Amino acid sequence: MFGNLSDRLVETFKNLRSKGKLSAADIDATLREIRRALLEADVALEVVKSFIAAVRERALGDEVSKALNPAQQVVQIVQEELVTILGGEQRRLSFAKNPPTVIMLAGLQGSGKTTLAGKLAKWLKDQGQTPILVACDLQRPNAVNQLQVIGERAGVPVFAPEEGNGKGNPVSVAKDAIKHAKQKQFSVVIVDTAGRLGIDEELMKQANDIRKATDPDEVLFVIDSMIGQDAVNVAKAFEEGVGITGVVLTKLDGDARGGAALSVAQVTGKPIIFASTGEGMDAFEPFYPDRMASRILDMGDILTLIEQAQKSFDEDQAREMAEKMAKDTFTLEDFLDQMQQLRKMGSIKNMLAMMPGANKLKSQLENIDEKEMDHTEAIIRSMTPKERKDPKILNGSRRLRIAKGSGMTVTDVNGLVNRFEQAAKMMKTMSRGGNPGIPGMPTGMPPMPRPQAKKDKGKKGSKSGNPAKRAAEAAGIELPRTDKGGSAFGIGG
Amino acid sequence: MAGLMFWRKKDKNVQAPEDLQEQVIEEQIQDAVQTASEAHVIEEVTQQVVEVEIPQVELEPIELPKRSLTKGIRSLFSRIKFDVENLEELEDVLIQADFGVAAAEVIVQEVKNRAKKSGAKTEAELRLILTDLLTEKFGRDDRALKLDNGVQPYVILVVGVNGAGKTTTIGKLANWLTQGGAKVTLGAADTFRAAAVDQLETWATRSNSEIVKPTIEGQDPAAVAFESVERAMANQSDVLIIDTAGRLQNKQGLMDELGKIRRVIEKNLAISEVLLVLDATTGQNAMAQAKAFTEVANVTGIVLTKLDGTAKGGIVYAIQEQLDIPVKLVGIGEGIDDFGFFDASEFAQGLVGES
Numbered sequence: 039m040f041g042n043l044s045d046r047l048v049e050t051f052k053n054l055r056s057k058g059k060l061s062a063a064d065i066d067a068t069l070r071e072i073r074r075a076l077l078e079a080d081v082a083l084e085v086v087k088s089f090i091a092a093v094r095e096r097a098l099g100d101e102v103s104k105a106l107n108p109a110q111q112v113v114q115i116v117q118e119e120l121v122t123i124l125g126g127e128q129r130r131l132s133f134a135k136n137p138p139t140v141i142m143l144a145g146l147q148g149s150g151k152t153t154l155a156g157k158l159a160k161w162l163k164d165q166g167q168t169p170i171l172v173a174c175d176l177q178r179p180n181a182v183n184q185l186q187v188i189g190e191r192a193g194v195p196v197f198a199p200e201e202g203n204g205k206g207n208p209v210s211v212a213k214d215a216i217k218h219a220k221q222k223q224f225s226v227v228i229v230d231t232a233g234r235l236g237i238d239e240e241l242m243k244q245a246n247d248i249r250k251a252t253d254p255d256e257v258l259f260v261i262d263s264m265i266g267q268d269a270v271n272v273a274k275a276f277e278e279g280v281g282i283t284g285v286v287l288t289k290l291d292g293d294a295r296g297g298a299a300l301s302v303a304q305v306t307g308k309p310i311i312f313a314s315t316g317e318g319m320d321a322f323e324p325f326y327p328d329r330m331a332s333r334i335l336d337m338g339d340i341l342t343l344i345e346q347a348q349k350s351f352d353e354d355q356a357r358e359m360a361e362k363m364a365k366d367t368f369t370l371e372d373f374l375d376q377m378q379q380l381r382k383m384g385s386i387k388n389m390l391a392m393m394p395g396a397n398k399l400k401s402q403l404e405n406i407d408e409k410e411m412d413h414t415e416a417i418i419r420s421m422t423p424k425e426r427k428d429p430k431i432l433n434g435s436r437r438l439r440i441a442k443g444s445g446m447t448v449t450d451v452n453g454l455v456n457r458f459e460q461a462a463k464m465m466k467t468m469s470r471g472g473n474p475g476i477p478g479m480p481t482g483m484p485p486m487p488r489p490q491a492k493k494d495k496g497k498k499g500s501k502s503g504n505p506a507k508r509a510a511e512a513a514g515i516e517l518p519r520t521d522k523g524g525s526a527f528g529i530g531g
Numbered sequence: 119m120a121g122l123m124f125w126r127k128k129d130k131n132v133q134a135p136e137d138l139q140e141q142v143i144e145e146q147i148q149d150a151v152q153t154a155s156e157a158h159v160i161e162e163v164t165q166q167v168v169e170v171e172i173p174q175v176e177l178e179p180i181e182l183p184k185r186s187l188t189k190g191i192r193s194l195f196s197r198i199k200f201d202v203e204n205l206e207e208l209e210d211v212l213i214q215a216d217f218g219v220a221a222a223e224v225i226v227q228e229v230k231n232r233a234k235k236s237g238a239k240t241e242a243e244l245r246l247i248l249t250d251l252l253t254e255k256f257g258r259d260d261r262a263l264k265l266d267n268g269v270q271p272y273v274i275l276v277v278g279v280n281g282a283g284k285t286t287t288i289g290k291l292a293n294w295l296t297q298g299g300a301k302v303t304l305g306a307a308d309t310f311r312a313a314a315v316d317q318l319e320t321w322a323t324r325s326n327s328e329i330v331k332p333t334i335e336g337q338d339p340a341a342v343a344f345e346s347v348e349r350a351m352a353n354q355s356d357v358l359i360i361d362t363a364g365r366l367q368n369k370q371g372l373m374d375e376l377g378k379i380r381r382v383i384e385k386n387l388a389i390s391e392v393l394l395v396l397d398a399t400t401g402q403n404a405m406a407q408a409k410a411f412t413e414v415a416n417v418t419g420i421v422l423t424k425l426d427g428t429a430k431g432g433i434v435y436a437i438q439e440q441l442d443i444p445v446k447l448v449g450i451g452e453g454i455d456d457f458g459f460f461d462a463s464e465f466a467q468g469l470v471g472e473s
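From first to last, the protein sequence lines stand for chains Y and H.
The opening position of the first sequence corresponds to residue 39 in my numbering, with each subsequent residue numbered one higher.
The opening position of the second sequence corresponds to residue 119 in my numbering, with each subsequent residue numbered one higher.
A few of these clues could be false.
To be verified - Sample of chain Y residues lacking proximity to chain H, with all beta carbon distances greater than 12 Å (derived):
no., residue
1, 195
2, 266
3, 429
Said to hold, decoys possible - Lysine-lysine pairs mimicking DSBU-like chemistry, simulated, CA-CA at most 30 Å apart:
no., chain 1, residue 1, chain 2, residue 2
4, Y, 409, Y, 430
5, Y, 205, H, 255
6, Y, 409, H, 239
7, H, 255, H, 230
8, Y, 243, Y, 217
9, H, 230, Y, 87
10, H, 301, H, 255
11, H, 239, Y, 87
12, H, 331, Y, 205
13, Y, 135, Y, 205
14, Y, 220, Y, 243
15, Y, 243, Y, 205
16, H, 235, H, 264
17, H, 255, H, 378
18, Y, 409, H, 235
19, H, 239, H, 264
20, Y, 163, Y, 135
21, Y, 213, Y, 87
Unchecked claim - Chain Y is nowhere near these chain H residues, computed Cβ spacing over 12 Å in every case:
no., residue
22, 240
23, 264
24, 297
25, 352
26, 397
27, 464
28, 467
What the hints contain is simulated information worked out from the structure, not anything from laboratory work.
Please read all numbers here as calculations on a predicted model, not as lab measurements.
Heads up, the beta-carbon is just placed ideally off N, CA and C, and yes, glycines get one too.
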């Protein structure tokens with residue numbers, strides 16, 4: 039997500055960080071790069087202009103010249119302005135005091151409304167709600183069927199009295215749906231509407247009529263994250279024509295730079311509430327503006343990562359793990375354990391994509407073969423408990439035995455052991471609150487909005503666990519970072 | 119106008135006009151030379167030429183109903199004026215039309231140069247320069263669908279990301295071909311998205327085409343493609359159009375699947391066209407899409423959809439410049455006839471508008 043924009047900004051900031059003091063010319067040069075990067079990321083021109091103006095104003099002000107490390111300050115300004123545009127704090131879905139809560143979806147053709155309707159329904163159902171889907175897209179051939187199939191996949195009933203394909207009146211379907219939902223006591227009604235162009239007055243009026251008929255608590259504007267400059271026009275048209283309360287960004291699992299997020303949030307002033315990240319029914323998550331901004335700056339999405347980890351990691355286990363890491367007793371057995379935990383969390387690719395600095399690995403991430411994990415598992419399972427605890431005893435004949443036992447080659451075994459050692463080293467550093475050589479992470483990190491034990495340490499300047507590096511950081515020297523293809527989780531790049 | 123035709127094996131008693139034959143022969147020699155790449159020896163080339171010469175004796179051109187795209191495009195300059203002093207504004211306009219920063223810079227520079235040379239000053243003159251420039255840059259002579267070698271059924275493979283408008287495009291294209299008298303079979307190889315097969319079936323009915331559906335739910339799309347080819351050959355279709363599931367170009371697994379579909383088709387038939395469907399609202403990511411799909415599926419043309427909205431699809435400029443892939447068709451609405459050939463000068467005039 040936002041990968042290419044991150045790459046670009048990181049590139050820009052690299053130059054910035056290598057200098058002690060900034061001149062006005064430096065700032066302008068940097069801003070030119072940022073402008074270009076944002077435009078290449080499809081942020082709308084008018085949004086880019088106001089963004090650049092805001093950053094320049096602040097960057098040229100006292101704030102920077104008096105700061106100890108002006109470059110970092112600019113990074114922070116950019117980050118803060120991004121958060122501001124993306125909508126500041128995360129917003130939750132608002133529910134009606136008296137059910138049913140009505141959620142209406144609107145957007146262009148092909149933005150992903152129907153698929154999203156299913157995901158939203160599933161998500162609500164998982165939270166104990168009793169949602170019902172309403173098929174008001176009577177336009178596109180077989181959109182009604184599609185919603186029915188999706189409803190089935192999500193395990194959510196679908197209200198579809200009309201077969202669609204140009205027949206039936208979506209406004210009356212919407213009306214009847216609300217009645218039906220009240221009668222049958224559904225708690226949430228999700229109204230899927232036909233895709234329409236902002237300039238199609240007739241269809242915009244129809245959407246507005248659906249809105250009037252259902253009096254929705256949320257009108258979610260669904261927009262494809264690949265959209266270009268037109269995002270501004272489209273968002274304005276829907277805001278004016280239908281009136282929206284929130285935005286859902288779809289297809290964020292693609293490699294689009296996603297500047298539309300900035301454009302839409304800026305132009306409509308409405309928060310982005312959800313992000314849709316794949317075709318599976320679960321590929322759906324709340325949108326976190328602050329995290330997204332960090333991601334844009336290539337600081338990774340540590341918070342989402344932590345949250346997901348918490349979902350599946352047993353807390354005691356996690357504590358134990360942290361202690362082990364700190365004490366340097368992290369073994370291959372733990373590694374295996376952890377890998378299985380990771381798998382519980384869902385797609386490894388999504389997980390890794392949230393790691394700071396992972397953008398550089400992005401192309402490799404997309405190519406991760408999850409089979410590789412099976413291989414890793416097989417190798418570790420072919421080791422004796424003693425070997426798992428102390429990989430140092432793995433001599434040639436042991437490695438050969440393991441290779442044979444797991445159906446892999448000695449090279450594979452060697453590779454795993456090497457990766458494990460790297461991972462163990464990295465985790466040790468991380469658990470001490472250090473910064474394990476993550477590119478793009480400015481030392482003056484903005485405070486994280488989540489109380490964490492390691493927060494204080496992090497704020498102190500996320501000093502490197504490596505004494506040499508730490509000294510270098512103190513001296514303001516930028517060490518060359520090595521971005522290894524091999525990741526921390528036993529997945530070969 | 120080129121592209122309004124396809125070529126069908128002719129009834130044996132009617133003789134094809136001489137000049138048309140020659141044209142075809144020439145085209146095919148070129149094709150053959152292209153396909154027989156550097157490594158091939160000249161003998162092979164001549165042999166290929168000889169091979170393809172046989173069917174064209176029986177070819178007859180079928181003219182298809184004319185379509186125009188003027189309905190859709192809205193002018194870039196509805197609100198903005200520009201003059202020689204202030205061409206930065208032109209750059210902004212091009213950026214807003216999704217041309218991309220780099221392409222916008224190049225175009226602006228070129229307009230400046232030409233304006234200097236010709237001493238153009240007025241807005242009308244500048245508009246003319248821009249229109250000409252864009253017409254030139256977009257203009258090329260390979261926009262026709264390559265349905266011309268007489269080896270039928272012609273296979274058109276339709277690919278693209280999710281929601282670009284593949285299925286709708288296929289419906290329109292099928293209808294257009296059947297209107298022109300072609301027998302069309304559709305292959306429903308989008309076995310993934312819910313109700314995609316049903317959607318294609320609706321279009322098959324509307325366009326009087328045959329459809330080959332998966333026999334079981336979620337069947338391997340390559341298997342459906344294979345069956346489609348067999349059916350199209352058996353029922354003597356003129357054209358086989360194969361729908362594929364939308365896939366984001368960074369999903370390696372899905373892109374590999376597309377490669378497999380392609381290979382499976384090519385076991386029995388050559389693919390005449392691989393059309394990449396691009397949503398005109400798409401921004402710079404369209405370039406990544408074009409690159410990735412070309413790599414895997416060897417895209418031969420672009421269908422630019424949803425041009426009836428406010429989006430301009432300017433990124434196709436850069437795609438054509440960098441990847442040398444022509445825009446062949448445009449979609450301008452949800453109706454079965456909202457569809458036309460891409461025409462460089464219409465497109466350029468539509469973008470720049472009247473002064």
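Original post:
So which of those numbered hints doesn't the model satisfy?
Top reply: 2, 5, 6, 10, 13, 16, 17, 18, 19, 21, 26
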